[in-house]
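Protein chains in written order, with this note's numbering: chain G, 687 to 822; chain U, 687 to 822; chain V, 8 to 137; chain E, 8 to 137; chain X, 1066 to 1167; chain D, 1066 to 1167.
Keep in mind that the hints were calculated from the coordinates and are not lab data.
In this text the structure is predicted, and so the values were computed from the model without any measurement.
Check each hint, because a few of them may be wrong.
Unchecked claim - Derived coverage of chain U by chain E (criterion: at least 3 residues anywhere in the stretch with Cβ under 8 Å from a Cβ of chain E; other residues may be distant):
#: 1; segment: 702-715
#: 2; segment: 760-768
Said to hold, decoys possible - Quick partial rundown of chain G residues pointing at chain X, CB under 8 Å, derived from the structure:
#: 3; residue: A701
#: 4; residue: M738
#: 5; residue: D739
#: 6; residue: T743
#: 7; residue: A745
#: 8; residue: M748
#: 9; residue: G777
#: 10; residue: E781
Glycine included, C-beta positions come from ideal geometry on N, C-alpha and C.
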Amino acid sequence: MSETKKKFLYVNRKAPYGTIYALESLEVVLIGAAFEQHVSLAFIDDGVYQLMDGQDTAAAGMKNFSKTYKALGDYEVRKLYVERESLDERGLKVENLMPVTYEDEDDDYAEKPSLIVVDRAEMSKIIAAQDVVLSF
Amino acid sequence: MSETKKKFLYVNRKAPYGTIYALESLEVVLIGAAFEQHVSLAFIDDGVYQLMDGQDTAAAGMKNFSKTYKALGDYEVRKLYVERESLDERGLKVENLMPVTYEDEDDDYAEKPSLIVVDRAEMSKIIAAQDVVLSF
Amino acid sequence: MRFAIVVNEGPYTHQASDTAYQFARAVLAKGHEIFRVFFYHDGVNNGTRYTVPPQDDRNLQKLWSELAESHKLDLVVCIAAAQRRGILDANEAKRQGKDGDNIAPGFRISGLGQLIEAGIEADRLVVFGD
Amino acid sequence: MRFAIVVNEGPYTHQASDTAYQFARAVLAKGHEIFRVFFYHDGVNNGTRYTVPPQDDRNLQKLWSELAESHKLDLVVCIAAAQRRGILDANEAKRQGKDGDNIAPGFRISGLGQLIEAGIEADRLVVFGD
Amino acid sequence: MSTLHTVNKSPFERSSLKSCLDHVSAGDAVLLIEDGVVGARKGSQFAGALAAKNGACAIYALGPDLAARGMKASDLVDGVKVVDYAGFVDLAAEKSRVCAWL
Amino acid sequence: MSTLHTVNKSPFERSSLKSCLDHVSAGDAVLLIEDGVVGARKGSQFAGALAAKNGACAIYALGPDLAARGMKASDLVDGVKVVDYAGFVDLAAEKSRVCAWL
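Kindly produce the complete structure, drawing on both the sequences and the hints.
Here is the structure:
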């Protein structure tokens, strides 16, 4: 495997379930974790719905993959940037999102939040700082 | 074949080439013509781009199917409703659209226009008058 | 009442096939009739028996095939759309000189006339797509 | 410069595969290198040899297969996405107990790690989708 | 002789809900399904447009799709009714035609 | 260290062009491809938003996609430059990364 360490950003702009992009994007993130790159996820526009708390797909007959976001911390994926304006426009608050946390091994395994709410200007800077941007 | 004669409306809301819906929708219209139903086409929103004059797909390497619209008259498909507001919003005039005509066998085969520009309120009434609405 | 259902998208990528399937079940549960389910555009991809979805997910092709069997549904895959996307039955494979076919049980390949006929014969035609 | 290309949609339904193909040709014409073309989501449907598009239309699968052969391109179909959508090679068919396979010449089925590797190894990664 | 309109996309991503609401007739029903259900949320940018139409025509949202996206009936714009797949079938049967805004 | 952004959908159908323009940095390039090219037309509802950004960042449209949709360079908002696939490759190579607004 290459020694290069690059900054990867996964851009999520689509709601879950209506299309499969959210689910298959997570599959890349999980596999990608093994490559030990710098990984961040961006939730912009309808992508914020992927993080909605209390998703229940039983009646729709689909697979509920929302728990996977909570497992990302164990894969060293701990930067989930959520855009504030995207929440606002949709009438959502950060409390409507599921808690996503990780255990900080450098701080006695304290549980720390992985969700980082940023405004649009900050999101633009995050995009501008990447080596690889993967959009689905 | 059934004796029923129904009113079919094909709703076209998508630009051509970016997706295949416009092309495959035309394939249904052509086949459907043999069933001798009342057939109309509606061009709403980005669907109006399907009728743009001077389409040239050579450099994009795709199949140019725009001539098919001009042949619809020969298949007794002579009501192509184009929404005025959809043109306006896109900076388009009816002169930007290709001429689509049919030969009126009841009027010494005079060439008559198949494109009928209607406003949004009229389009709503057209939808409300159908038996079958096919959207792609 | 007699329904016709049109599915314009393939399985998994869009929810259209899921919604159409749940709608079809509800139609039957209410005692209505389904004249035909017509698979158009990428919808033809619902009809391949080569899919192997993850064990913990639904298998849409199987769900459609089973519904067709238990309720004698007519599942029609559009031939023109199928040719563009690589869905073949044994006849088509032979005709096109292909070395195999992938059509799933309960699906049949036929022409677009079947869609128009469904529009004529059914009391309601409901389209599911992108 | 070294490019990687990702194709997220199948042929015909969306223009993504066409644009990616024209982009790939332009990359090669400029003397750049293509490290890999990765087909994900419905993009895996570019890799079936069962397609029979109309005679007067382009055959996207053939165009990709030919470009791969003439420029020794690495065309990788994502295995997880392919399983959901019914794209199989001989190995996968055997492993899954399927009676045939449909992978096109020049395409190979492999894991998502190949996409990450492409992101690491290429100078630019360009995604084409819906 | 009224119409059931279905909208399956988020109004924040696509123009289909706007286009649908621009083309409904009095007495029609609009059913939000799939990603379309997010358009019915109270306090969203789209709540006003939806509330304005609710009355001239009836607005429905598909419950299973709301649940999948972590939404409840109480999250919705006042007057939007929640139905399940059986209710979808009833609406399609009651109205004279179904128009899908794809 | 700037970015090439690609937008492949009509701004009349989807929010991706708006979202892209909301996230560009000074010095970036935006390339309209596929159905995205219709957003560059003069006199359209979107012309103002595009013209406002043109300057802080450069706006391009893919010529083959314009031609397919019956549009010419003269139909476009002033300052929008037309490139072919080779120009697309050059833009991708010049910028440090490519961000697709899918």
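Status of the hints after comparison with the structure:
1. A count of 4 residues in the segment 702-715 of chain U with a Cβ less than 8 Å from any Cβ of chain E is obtained; the coverage claim is therefore met, three being the minimum.
2. Coverage of the segment 760-768 of chain U by chain E is violated in this model, with 0 residues showing a Cβ closer than 8 Å to a Cβ of that chain against a need of three.
3. The interface hint given for G/A701 is met, as the beta carbon of that residue sits about 4 Å from the closest beta carbon of chain X, less than 8 Å.
4. Look at G/M738: its Cβ gets to within about 3 Å of chain X, closer than 8 Å, so that hint holds up.
5. A hinted interface residue such as G/D739 counts as satisfied when its beta carbon comes closer than 8 Å to some beta carbon of chain X; here the least separation is about 6 Å, so the hint holds.
6. Taking 8 Å as the C-beta contact cut-off toward chain X, the hint placing G/T743 at the interface holds, the least distance being around 4 Å.
7. For G/A745, the shortest C-beta to C-beta distance to chain X is roughly 4 Å, which falls under 8 Å, so the interface hint holds.
8. The interface hint given for G/M748 is met, as the beta carbon of that residue sits about 6 Å from the closest beta carbon of chain X, less than 8 Å.
9. For the restraint placing G/G777 at the interface with chain X, the shortest Cβ-Cβ distance is roughly 3 Å, inside the 8 Å limit, so the hint holds.
10. At its closest, the beta carbon of G/E781 sits 12 Å from a beta carbon of chain X; the interface hint therefore is violated under the 8 Å criterion.
The earlier numbered hints that this structure contradicts are 2, 10.
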